[in-house]
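Enquirer: Chain by chain, the residues run as shown.
There are 2 protein chains.
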Amino acid sequence: MISVVIIGSGNVAQHLISAFAKSDTVEVIQVFSRTVDTSIKNIDSSKIISAFYQLKAADLYIISVTDKAIAEVSAQIPFENQLVVHTSGSVAISALNSKNRRGVFYPLQTFTKNKPVDFGEIPICLEAENEKDYQLLETVGKSISDKIFPINSEQRKALHVAAVFVCNFVNHLYEIGNEICKENEIPFEILQPLIQETAAKIMTLSPTEAQTGPAKRNDTQTINTHLNFLSNETQKEIYKILTKSIIDNGKKL
Amino acid sequence: MISVVIIGSGNVAQHLISAFAKSDTVEVIQVFSRTVDTSIKNIDSSKIISAFYQLKAADLYIISVTDKAIAEVSAQIPFENQLVVHTSGSVAISALNSKNRRGVFYPLQTFTKNKPVDFGEIPICLEAENEKDYQLLETVGKSISDKIFPINSEQRKALHVAAVFVCNFVNHLYEIGNEICKENEIPFEILQPLIQETAAKIMTLSPTEAQTGPAKRNDTQTINTHLNFLSNETQKEIYKILTKSIIDNGKKL
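Top to bottom, those sequences are chains A and B. Counting from 1, position 84 in the first sequence corresponds to residue 84 in our numbering; the numbering is continuous, with no gaps. Counting from 1, position 34 in the second sequence corresponds to residue 34 in our numbering; the numbering is continuous, with no gaps.
Hint data in this document are derived by calculation from the structure and do not stem from the laboratory. Bear in mind the structure is a predicted one, so any value in this text is a computation, not a measurement. A portion of the hints provided could be inaccurate.
Put simply, identical chains are the same to the list, so a pair is met inside one copy or across any two.
[Stated by the list, open to error] Derived lysine to aspartate or glutamate pairs resembling EDC-like cross-links, with alpha carbons at most 20 angstroms apart:
#	residue 1	residue 2
1	LYS157	ASP219
2	LYS56	GLU233
3	LYS157	GLU183
4	LYS99	ASP59
5	LYS157	GLU189
6	LYS236	ASP248
7	LYS147	GLU237
8	LYS68	ASP146
9	LYS244	GLU233
Here chain A stands alone, though its shape is the one from the complex (with noise of 0.2 angstroms):
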């Protein structure tokens, strides 16, 4: 078995510690989490510390904490040489600290709490600075995800951004439709098969052939009508910014 400490109690690590539970290959030994976090599932509340210094020997050390916690948490791990890896999209694995072979496992989904994932149709884009603790991470990774990719820094980087965009700023836009239908009494589930639709279709067609709407026509008549009918400012900038977009990616085909 593979000993994994997790270093945090949020929803990622909350996500690791139930798929690892199910892993015959990886055993989570130990979870740190600052307040001692009773809620925690899938571990033995025995198994939760919180100080360091209670930190076991361990194969492998998962930070899952807040970007901006990872360099100081990484500095107290009060052991030399083994592998810590980070759990961010967004920061570099330079921001381990280097008493430590570093890493990074990090698995690209958007998680909720109480919400349960199949991670087994999780990407997990792996990092490391050597081959032994690559293949490591991989066995790891493999245990409870069928994707797993080579991502460095700078790829893992662009990922984040990309991710942002498709997931993030995506749901904005669901609740932005929300809120229209909200303002005119109209049930959102009427927008749900096309939600729904619109995600599905990228899964054969690529996103440039599968674009429709005005703008894609360039139908000036409609988008003006629309920017006529939003009040709301912040919405009329959207849709204004996203329209020139996709119309300026119409001249570049």
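Mind docking chain B on chain A? Use the hints.
Expert: Frame of chain A; chain B shown alone:
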């Protein structure tokens, strides 16, 4: 059987023809196509006409042409006091020529040529000028979909704007994600599970509950890292306005 004539041969028209072909209560007796288009599927080619004088009497005429052409096409129908509807999300019922009884039959979905859709799940938004016509539209709608909603012209305008946000604009964000991946030699498939999960989440959570990411956390360090990373000015503008909008929404809660 309710007899229907479809005027138009674009994506929406083709999907309606295919859906009605499986219906037991509705029969498409003619399809009008300006240029006789033999690529139209699920209709006998003898039923395809290209001149308005060839139009037969029918219970319902469905005009499925570009928004701009709706008024003119409706004026050319050589009948009076028939039920004539259009399928547009962004055109008022009043755009139809008043010599006939008017209505709207708006399937809210994104249709892509040659990609089949399950019509049973597609919401159809109906509007008519009198109860009897509404009932006929409801019967026709129910023959192909389980989701029928009465939506007046003002609501439909709102709905169409909302649909642009949650479909066209969302797809464009997928396109930007794809571009960022390409530029950094990252396979776009890494983002697929994230995209599917982001859409799936709002089947059970409201978009506001589902929101995650640096803007939601007001994580200015990550936001600035991303803005420095983006070299495309339009992408940078989109990032800024959507981030601002998410932060502003957070303040309202």
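Enquirer: With reference to the structure, classify each hint as holding or not holding.
Expert: The hints, checked one at a time:
In this assembly of identical chains, LYS157 and ASP219 lie within 20 angstroms of each other by CA distance solely across copies; the values are 15 angstroms between and 36 angstroms within a copy. Taking the shortest alpha-carbon separations for LYS56 and GLU233, neither the intra-copy value of 55 angstroms nor the inter-copy value of 49 angstroms comes in at or below 20 angstroms. Proximity of LYS157 to GLU183 under the C-alpha cut-off of 20 angstroms is restricted to the inter-copy arrangement: shortest distance 12 angstroms between copies versus 38 angstroms within a copy. For a Cα distance limit of 20 angstroms, the shortest separation of LYS99 from ASP59 inside one copy, 15 angstroms, qualifies, whereas the shortest one across copies, 80 angstroms, does not.
In this assembly of identical chains, LYS157 and GLU189 lie within 20 angstroms of each other by CA distance solely across copies; the values are 17 angstroms between and 35 angstroms within a copy. When the C-alpha separation of LYS236 and ASP248 is checked against a cutoff of 20 angstroms, the pair qualifies both within a copy, at 18 angstroms, and between copies, at 15 angstroms. Proximity of LYS147 and GLU237 under a CA criterion of 20 angstroms is satisfied in neither setting, with 38 angstroms inside one chain copy and 33 angstroms between copies. Taking identical chains as interchangeable, the C-alpha atoms of LYS68 and ASP146 are never at most 20 angstroms apart, the minima being 30 angstroms within one chain and 49 angstroms between chains.
Proximity of LYS244 to GLU233 under the C-alpha cut-off of 20 angstroms is found in both arrangements, the shortest distances being 16 angstroms within a copy and 12 angstroms between copies.
The earlier numbered hints that this structure contradicts are 2, 7 and 8.
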